[in-house]
Every structure is written in C-alpha cells, then in structure tokens.
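Chains as they are written, first to last, in the numbering used here: chain A, 1 to 494; chain B, 1 to 494.
It should be emphasised that the hints constitute simulated quantities derived from the structure, not laboratory data.
Note that the coordinates shown come from a computational prediction; the quantities given were computed from them, not determined experimentally.
All residues carry an ideal CB built from backbone N, CA and C; glycine is no exception.
Hints should not be assumed to be uniformly reliable.
[Said to hold, decoys possible] Calculated from the model, a selection of chain A residues having no Cβ within reach of chain B, i.e. all distances over 10 Å:
{"no.": "1", "residue": "Ala121"}
{"no.": "2", "residue": "His233"}
{"no.": "3", "residue": "Leu395"}
[To be verified] Derived list of chain B stretches under chain A, where covered just means 3 residues or more per stretch with a C-beta under 8 Å from a C-beta of chain A:
{"no.": "4", "region": "93 to 107"}
{"no.": "5", "region": "159 to 171"}
{"no.": "6", "region": "184 to 193"}
{"no.": "7", "region": "317 to 324"}
{"no.": "8", "region": "333 to 344"}
{"no.": "9", "region": "458 to 465"}
One-letter residues, chain by chain:
Protein chains: 2
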Amino acid sequence: MTDRTRTGAPVPSTDPRTGAVRAHPAREAGPADVDRAVTAAARTLDALADRPRRAALLHAAADALDAARPEILATADAETALGEARLTGELARTTHQLRSFARTVADGGYLEVRIDRADPATGRPDLRRTKTPLGVAAVFAAGNFPLAFSVPGGDTASALAAGCPVVVKAHPGHPETGELCARLLRGAAERVGLPADVLGTVHGFAAGTHLVQHPLTAAVGFTGSLRGGRALHDLAAARPRPIPFHGELGSLNPVVVTERAAATRAAEIGTGLAASYTLGQGQYCTKPGLVLVPAARPALDALERAATTAAAQAPAAPLLDPRIRENYLAGAAHRAALPGVEVLLAPGPAPTADAPLAVRPGLLAVAAEDLHDDLLDECFGPLTVLVRYHDDTDLPAVLARLPGTLTAARHHAPDEPPARTLPLLARLAPLAGRLVLNAWPTATAVTPAMQHGGPYPAATTPTTSVGTSAIHRWLRPVTYQDAPPDLLPAELRD
Amino acid sequence: MTDRTRTGAPVPSTDPRTGAVRAHPAREAGPADVDRAVTAAARTLDALADRPRRAALLHAAADALDAARPEILATADAETALGEARLTGELARTTHQLRSFARTVADGGYLEVRIDRADPATGRPDLRRTKTPLGVAAVFAAGNFPLAFSVPGGDTASALAAGCPVVVKAHPGHPETGELCARLLRGAAERVGLPADVLGTVHGFAAGTHLVQHPLTAAVGFTGSLRGGRALHDLAAARPRPIPFHGELGSLNPVVVTERAAATRAAEIGTGLAASYTLGQGQYCTKPGLVLVPAARPALDALERAATTAAAQAPAAPLLDPRIRENYLAGAAHRAALPGVEVLLAPGPAPTADAPLAVRPGLLAVAAEDLHDDLLDECFGPLTVLVRYHDDTDLPAVLARLPGTLTAARHHAPDEPPARTLPLLARLAPLAGRLVLNAWPTATAVTPAMQHGGPYPAATTPTTSVGTSAIHRWLRPVTYQDAPPDLLPAELRD
C-alpha cells in the first residue's frame, strides 16, 4: 500500500450493499506515520516548483486514471454502490479537472503577475508580484465523491497545480479506491520525473487530527460533516501557527416555489423536485433539503402528489456506507416524528436481492409555523422537507432562520412581477454561493463561472472548491523588490 | 462625538511628548453600544450596494480629509508626536488610497466577472459569477498609522469599496484623530446620499472583543500586536459562525548582509541600516529588527561603527504613546541584558525641552551561536539586533528559527556568484511576503504590485492589507444560474 503504514489497526473496506467486509487495503496511521508522510511530502516542494513539470504531472495523472478505468470503477462501485454510470461520469469529471488544472498551470495567468517598474523620478523601487505555494496541503477525502472530491479530486488537483505537495486523509468509506488512485498518481509523478511523495495518504480518524496539527501542514481542504469539519477547523485555528482551513461542512440548499409557479406548473415542479433530491440517493452536497411551497390548494395538492408519486418510484438502493445508512434512517425517523410533520412518503429500509441494506426515500411536509429547528439541519440521504407557507410574512421569517448554504433556488412564473421577485431574491442572495432560477441545484456544470462554496457552514472561507479558481486556496502573494533578473522567478522577468 | 456612546468611561487623549491628558474625546463602548453601532452599520448594506455611489463616497471622503488637513495634522501630531512632515505624507497616502479604491469600484474589474452562457447541446446552464460583500467589517485602528491604517485607512477604504459598512475600533493612542476622521467620513457619506452609518466607531478594549463576536460582524481587519491580535483571531475562529480575520500581528523583517557586500560597502550598509531602523522612531511594521552580518573583520567593525555613529546622531524623540514607550524601554533593556549581547548603543530615555518622554535608539549585537529566542520577538521602537554569523552553516540555522515576516532583505555585491545567492534566497522566500534586494524594507511604495502581508504572524490570511488587491478581503464569490436579465446584478447582464 502507498501509505506505508506498518503498525496501525487494519482499515476495512466494506460492501455497502451487504455490510460485509471486503478487504483491509490499508492501516491506520499513528502520529509517527503522519509525520513521515508530511515530512516526505514537504521534501518535494522544491521539485514541484518546476511549473511545466507540474502540468505534465496533472496530465499524466489523468492519463493514468483513464488507463485504469475498469479497475477504478469496479473498486469504487464495490465500496460505494454508486453504480457504473455515475462513477463513469465522476471519473470523467475527475480527469477533466486534472487536465483543466494542467492548462491553468501552463498558462500561468493564475499567478496574477503585476510588474511596477522603478521610477527614478519619484524614487519608486522596482516591484514585481507573483504567487507562491503555501506548503504541504492536507486534503480530506469526501465520502460521497470517491474520485472527484477524494484522493485524485479537486482539492488534490488544485493544490498540486499550485505547487503544494498533498497528503490525503483517505475516507473510510472507500479506502481501497483511495489507495488505488494514490498508487496511480504516485506512479504518474515518477513517470514525469517528480518524486512519488508529491502525494501521500493516511488513514484513520486520529490521523486526520495529527495531519491538521503537523507543523509542516500549511493549509487544509475538507469536504464532510459539520461536526467533524468544525472540530478540524478549530484545531487549524488553534495551532501555534494557524493555517487556512477550506471546509465544506454541509448545505441545506433551500428552494422557494412562488405561488404563481405552483399555480401554473405544480406537477412539473413536484416531479422535478423528486428527481433532484433522490439523485444519487440524495448524497449530493447540493441536494434540495428544504422546499418552501405555497400552502394554497389545489396547487399544493398537485405538487405534493406529483413529488410523492415520483419519489415513490425511485428504485430502492444502498447508501454510501452502513454508518451513513444508520444516520439517514435515524435522522429521517426523528424528523418524521417531530410535532406537526406530515409524512408524505415514509423513509425506511427497503432490502433488495442484491442489496439487503438498500433504503427508500422519504418526503415530509410541515406548516411554516411548525418548522422545528431540527428540520434546518441537513439530513444526508434521500429525504427532503416541504415547508408550506401561507403568505408573504411566512417566507422572510423562514429564510431568516436558515444557515449559509451552497445554493438557494427559486421557481417562479414567467410573468412574476419584479416588485415581488426582487425582495425575495435579496433575501436569498446573502445565504448562498449560487442562486438558481427555475432549475434544481443538483443540475450544474464545472465551468469557470461556477461557485461551489457559500456562507458558513456551506464553506469556512470565501473561496470555491470547484473550478480552476480553487487554485487560489493554496497560494500566497509574494513581491520581489529591486531583484536582479537572475534572482527572479521566470514569470517575473521582463 | 460620532460614536454616540453616552455611558462608558471617558477615553483620554494623551500627549506622548509629556504624558499629559489633553482631552476626553470619546467614551468607552459597552456591549449595547457595540450592538447599536454594528446594527446601524448593517442597515446601510443595501444603500452601499450602489456601486457608483460608493465610488462617490470614497472621492468625497478623500476631499473632506484634504479640506480638513490643518486640523487633522494638528490633532494627529498632538496625539502621536509623529510630526508634520510624516503626517502630511501619511494623509496624502490616505487620500490616495481612498481615490484608488474609488477608481477600483468604478472600474469593476475587481468583481472578476465570469459569464459561461448556456449550451443547449450539453444541457449546460447559464452561469454568471460576480462578487458580493461579506457584510459589516470590523476594523481595528493601528497605533502607528493614525490615518493610513486607522479610521480612514486602507482597511476602511477597501471594505467600503467592496460594499461593506465599517465599524472601527478606534485606537487609544489617537482617539481624537479617530473621531475627527469619522465625522468627516460620515459627513462625506451624507453628502453623496448615503447614510452616515456606513461608518461608525467604538472605543475601549472590551468593545473590540464585543465587535469581533457580534453576530452581524462578517469580517475583521486588524493591525497591531501579536498578543492582542492572536486573542481576537481566536475569538473570530471560535464564533458560532466563524469569520475571516485579516490580521497583521508583527514582523521581524530580517536582513542578510553577504560577506562580499560587507567587504565592499560596510559603511554604506551601516549608515543605511541606521536610517532605516530609526525612521519614525522605529515604529514601522517594516523596521529591520534582525540583521545578519558577517563576523569577518575589519568589515564587521566598519559596518558596526557606521551604524552606531549614524544611529547615535538620530534625534531623540517621543514614541507614539507612554505605554509603547514603557514597552520599548523595558523590552530593549531586557534584550540588552541577555547573555552574549553586546550593547553598541544604549537605548534609554533622552528627555528634551519639548518632549520629556523622548527616547534614543539602541543597537545590540550578538554572535549567531548566542542568539536568544527573545531576540526573535519584535521590539517595537528604535532598536535592532546585529547577529554576527561566521560561516555558511550559521546562516541557515538562524533563518530556520525565524517566524513569518512581512519582508526579508538581502544586501549583496554585484558580482555575487549565483551558486551562493540562490540557496540563500530560497531560504528567505518562504519566510516573507516581500523580498528586498540591496535596499531597506522601510523604503517602499503603494503600487499594484506591492504585497503587505506574509506568513504568520506577519499576517493571519494570505492576503495584502496595502494596495487595491485588499478589496478581496471583504468579498465572496456568488454565481447566478439561469437568471433572467432583470434579476441579474448590472455587471452580469449581457
């Protein structure tokens, strides 16, 4: 295994369809193992300073992942049950990200070079600014994206692109996929003449805390739960030398359906919602988790009927791992039992022949005045909550209670009067990193204009984890004053 | 007074030349006062969304400061003893900053707009990204720049430019200057049709902690001491909703003199060093506080003699306030008494007729092998430490012990062999935000290529507090997906 840990407890790889342990592809890393991984990574900083070689690394990594596609898909599916179609798409996104960052590095525009030449008249010195890597990046793999947000994912790609070596805390939900990808990336590094240690992995809960606290760790990228992420955020801030903690800690992704929208296309909205919140078994960061619908009948009945019918037809399927399944079932049951909550579709276990651990989606509804605080916490998995609002005073009252979120969406009618529209949008805008109009937040694209990150807890820094702008998470500006050309980085020479 | 606090203890304005209390221009703010100030500021967010009006505000603020120049200079000098020449320059820099940010706002390039149009072929949605203000900015005025880093300074200018209302925690060293400038800025706001509360002030130590903890405070800018800054940093990170803390907490600004440089121009370097570290009585963030000089004689003698002679001729002058004076005298005496330290010029009180509290600079020297940890802490005021190094192993050993710093400088000879030069620069680069070659760090310029901020503790985030890039401290990206033109911010329309 690439993590080279020899003494810790074996890390199991579990089949989420059955709960059976498949293998033990790694060992948990103790403090000495973490130290070895971070120190080895730090030693590669100088080698990574070679910009063309970094671009070559990212291309070689993408090629290596493509070449191993069958093995990657089989391993990832065995560990996550996400299925071949979804994982094929995710692998394509992952290699696309790596190649995008390769072009970003080669282009050099991300360095935001500024050159202010000396002005002998005013005595102004020669000043030239570029950007320099922060140091070793600690990356926490996400459970729900075993490729695109894990070992070979966006945080790793953007950090390597910036010139930062990476140590990944692998995710316990897909340790074998993590090790497989790490081997491929380390091999790609060696093939382009870089040390394999530009990327390392560690496994185990305690390894994550040691990684954040290691003196040579210079920044952290995290995608995961509010509780775990907040604890690591606090550790990063409490270090003798605090470091940036770029965390995505959960998102409710509220949706507002206007009265006119419901009146004109209730069934379409209900069906669209069901498709969105059950996509990938509701295991997307952008799953719509709270949907404000107008209480006026008969539109409400039509919308709820369409959503319930469509969600009930979604095939039962396992969740990412048995722990997430337990949390989903317990969390959904707790919410369903809150006062005032109406269960439109009961969440629960739904064993199938090949997946005894499969579950079915749930759909809850509640009046705005009965909205319990616990319904404002994200419930990971195929569950959403319809909040029935009665009038224009309900809406702002509910929106004022919402935490920061990755996305906020609104479904409206073409003839919606701007006098009603703009105030609502003004209330949604401060909540979210992406405002979605007449579409569902899970329908998205990885393009330069994409913003993935919103006010806390959706993100802990005002940055994006998706798209090439993510490279700025791992850089700091540095200015050279009056430096002779042979002492300047290449991009700062005339 | 503009802070409208009615009940707290009166805040004294003290004459740093004599220690006499001049006036009580404000009162300390309690929690309710801070709440009132932040809430009033937050109510101006919508008004500040008007970009042309923000540009007008920044121009009007600069004009108002210019028009009140005599009163500002007299008040600031009475409170800081910085003198008319220095304060005239600082006021010019302050109004220049305000006008630069006015142009930045009007130009709009800082919004980094990206538009990716819909692609019906792939189903890609229309995505348009801009930047949006974080909310109320808390700005901590700096003791050593009563204008350029205080109420009307760079943090305030960049935050207002970004569209963030500002509440300034005024500095106890110049409360009257702070209130005067606040009145001028609030008047400027009203003249351009904005609420005066786009800028407020609070006074008192406790007010600072309440300000950082207020739920509506969205980001903090701080320039000051390591101890105070770290405490506020920790409060910002520990909030239920953590917020960015952009702090500048001190800087040692190491300088390395190569053997060849000392051999060829020892006297010039010694004289230049004295001018740099005594400039403004050593009260610059960029004061060279640790100077590595080759121990080889006779060059060392010539360099030290020149530095001592020049520093001894610097006129005795008061420091910014009596507390800073006490800290300087105690800190300098402590360092002078450390084992192995040689006192080349004894720091101490040097009363003059018009300034009984004046002090004179100090100059210390120590062998690299005797370098005590306490000499690696910044001593605010006109003191620097020469560290005599013997060979190529001393240098990296000392540099490895240095904390992050705003600047790192090297004095070298024109014929320095690159084989010796590049490894040294490679060791300096990770320490600093600005690398200075054959010049002193206090000689600088406010231009787009300037970087003011370095690794912790020189800065707590990888950003700059000087130059128009500082606007990014107060913004977060936001993307509009499939929004009709009438719902888009102006800059995102076709």
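Comparing the hints with the structure gives:
The claim that Ala121/A lies off the interface holds: its Cβ sits roughly 12 Å from the closest Cβ of chain B, which is beyond the 10 Å cut-off. Residue-level check failed: His233/A sits 7 Å from the nearest beta carbon of chain B, not beyond 10 Å. At the 10 Å boundary, the C-beta of Leu395/A stays outside the reach of chain B, the nearest C-beta of that chain being 17 Å off. Chain A is given as covering the region 93 to 107 of chain B, and this is violated because 0 residues of the stretch bring a CB closer than 8 Å to a CB of that chain, at least three being needed.
For the region 159 to 171 of chain B, the assignment as covered by chain A is violated, since 0 residues bring a beta-carbon within under 8 Å of that chain's beta-carbons and 3 are needed. As drawn, the region 184 to 193 of chain B meets chain A at 0 residues by the rule of a beta-carbon pair under 8 Å; below three, the given contact is violated. Counting residues of the region 317 to 324 of chain B whose CB falls under 8 Å from any CB of chain A gives 0; the rule of at least 3 is not met. As drawn, the region 333 to 344 of chain B meets chain A at 0 residues by the rule of a beta-carbon pair under 8 Å; below three, the given contact is violated.
Here's how the region 458 to 465 of chain B fares: 5 of its residues keep a CB closer than 8 Å to some CB of chain A, so the rule of at least three is met and the hint holds.
Checked against the numbered hints given earlier, the structure breaks hints 2, 4, 5, 6, 7 and 8 and satisfies all the rest.
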